[in-house]
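Q: If you count by mature numbering (1 follows the signal peptide of the UniProt record, and there is no 0), then the sequence shown holds residues -21 to -1, 1 to 299, one letter each, in order.
Source of the hints: derived by calculation from the structure; they are not laboratory data.
The beta carbon of each residue, even a glycine, is placed where N, CA and C say it ideally should be.
A few of these clues could be false.
[What the hints assert, rightly or not] The list that follows gives simulated cross-link-like pairs (lysine-lysine, DSBU-like), each with its CA atoms no further than 30 Å apart:
(1) K200 to K278
(2) K224 to K33
(3) K181 to K152
(4) K212 to K200
(5) K41 to K278
(6) K212 to K181
(7) K224 to K209
(8) K181 to K200
(9) K212 to K224
(10) K212 to K202
(11) K202 to K278
[What the hints assert, rightly or not] Simulated DEER-style distance windows between Cβ atoms:
(12) R253 to Q230: 40 to 50 Å
(13) S92 to E234: 19 to 29 Å
(14) P18 to E234: 26 to 36 Å
(15) P93 to A271: 20 to 30 Å
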Amino acid sequence: MVLRILALVLLSVWTCGSAIAADFWVGGNPCEGTPCTTPRSVEMSGRIVPGDAKRFEALLAKEGPSISGVALRSPGGDVDEAMRIGRIVRAKLLRTLAPISSPEGNVCMMGGSPEQASECVCLSSCFLIYAGGVMRGGNVLGLHRPRYDEAFFANLPLEAANRRYGAVIERIKAYLLEMGIGDRYLDRMLRVSSSEMEILSKDEADRDLNGFIPAMAEWLKAKCGEIPEKEQKAMSSLTLYMALKDMPYSQLDDEFRAYVADMSRRVTPEMERRYQAYSRREGEVTGCRNGALLEERRKRHGEFAEFDELNRTGEKPGQK
């Protein structure tokens, strides 16, 4: 009961301002097939408030196991609610995608398409949802320590304040450990005042956080094989060129025309053949991974059985 009361009272800069709930909707391509097998993502936008986890879980139950990820766009919000959502994300084997920084501005998913906007951030408790992904991507991630409502916290005796704050930190610590993120980022969080924000660097996100979680990476490697990182980096320089070289010249601006002309002088037929072989293999590995994750989501999500039966037959299980 004490923890429940604590959850209701706890606030942070993550939760200041409007109590309007976050929005959840399904972006990307429409569902194809019965049952649906088209990978799709839920887009989450806005401040995280109590009740969002139940709405999120209800949307997943409605849409079925073809939902493969969550695109995040949030300034933060309720700490405990964010951890509830993060645990649902992990249980459903979903990927998480935070906004991505670029020289022109932050980019995030809006209506199924990437767009630039000032609200393209994943800050504070949004980081806790991001942490839940079995595969993580993006890098506009902000950390700071939580805080209580100041009027409430100021009236507590110091000893009681220490106990309550310590309980919050222990819950966050246990959650991050559960999600495979060590104390390093909890320590970073606690070093930053609740009135400030520390944005992680792209290198930090890519090195420490992004990609499949270790157990998932090894499981998918055993099932589907992998393309060595060294080969991926070697081929990455050809990806843009191969995408542009067959486009009509009139559709390219001057910069891309110059780029294609320069690359065409340097890329040999053998390099193109190697890239095509790499691209086919990458597609096979990616397809195998997506299929394995879809099958696993279908097997472990018993709540979707009725959804699938209704899609296949038009009747619920046991219905005549």
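Q: Give a verdict on every hint.
A: Hint-by-hint comparison with the structure:
Between K200 and K278 the alpha-carbon distance is near 20 Å, which keeps this suggested pair within the 30 Å criterion. Distance restraint check for K224 and K33: the Cα-Cα separation of roughly 48 Å exceeds the 30 Å cut-off, and the hinted pair is therefore not satisfied. Among the hinted pairs, K181 with K152 is consistent with the structure: their alpha-carbon atoms are about 23 Å apart, no more than 30 Å. With a C-alpha separation of about 18 Å, the suggested pair K212 and K200 falls inside the 30 Å cut-off, and the hint holds.
A distance of roughly 16 Å separates the Cα atoms of K41 and K278; the hinted pair therefore holds under the 30 Å criterion. Taken as a hint, the K212 and K181 pair is honoured in the structure, with Cα atoms around 17 Å apart against an allowance of 30 Å. Of the pairs offered as hints, the one joining K224 and K209 holds, with about 24 Å between alpha carbons and a cut-off of 30 Å not exceeded. Among the hinted pairs, K181 with K200 is consistent with the structure: their alpha-carbon atoms are about 25 Å apart, no more than 30 Å.
In summary, the hint linking K212 to K224 is supported, as the alpha carbons are separated by about 20 Å, within the 30 Å threshold. Note on K212 and K202: the hinted pairing holds, with a Cα-Cα distance of about 23 Å set against a maximum of 30 Å. Between K202 and K278, the direct Cα distance comes to roughly 17 Å. Compliance with the 30 Å bound is thereby established for this hinted pair. Restraint check, R253 to Q230: a C-beta distance of roughly 27 Å breaks the suggested window 40 to 50 Å.
Checking the proposed 19 to 29 Å range against S92 and E234 shows it holds: the Cβ atoms sit about 23 Å from each other. A hinted range of 26 to 36 Å holds for the C-beta pair P18 and E234, which are about 33 Å apart. Here the CB-CB span from P93 to A271 is close to 26 Å, well matched to the stated 20 to 30 Å.
Hint violations for this structure: numbers 2, 12, all remaining hints satisfied.
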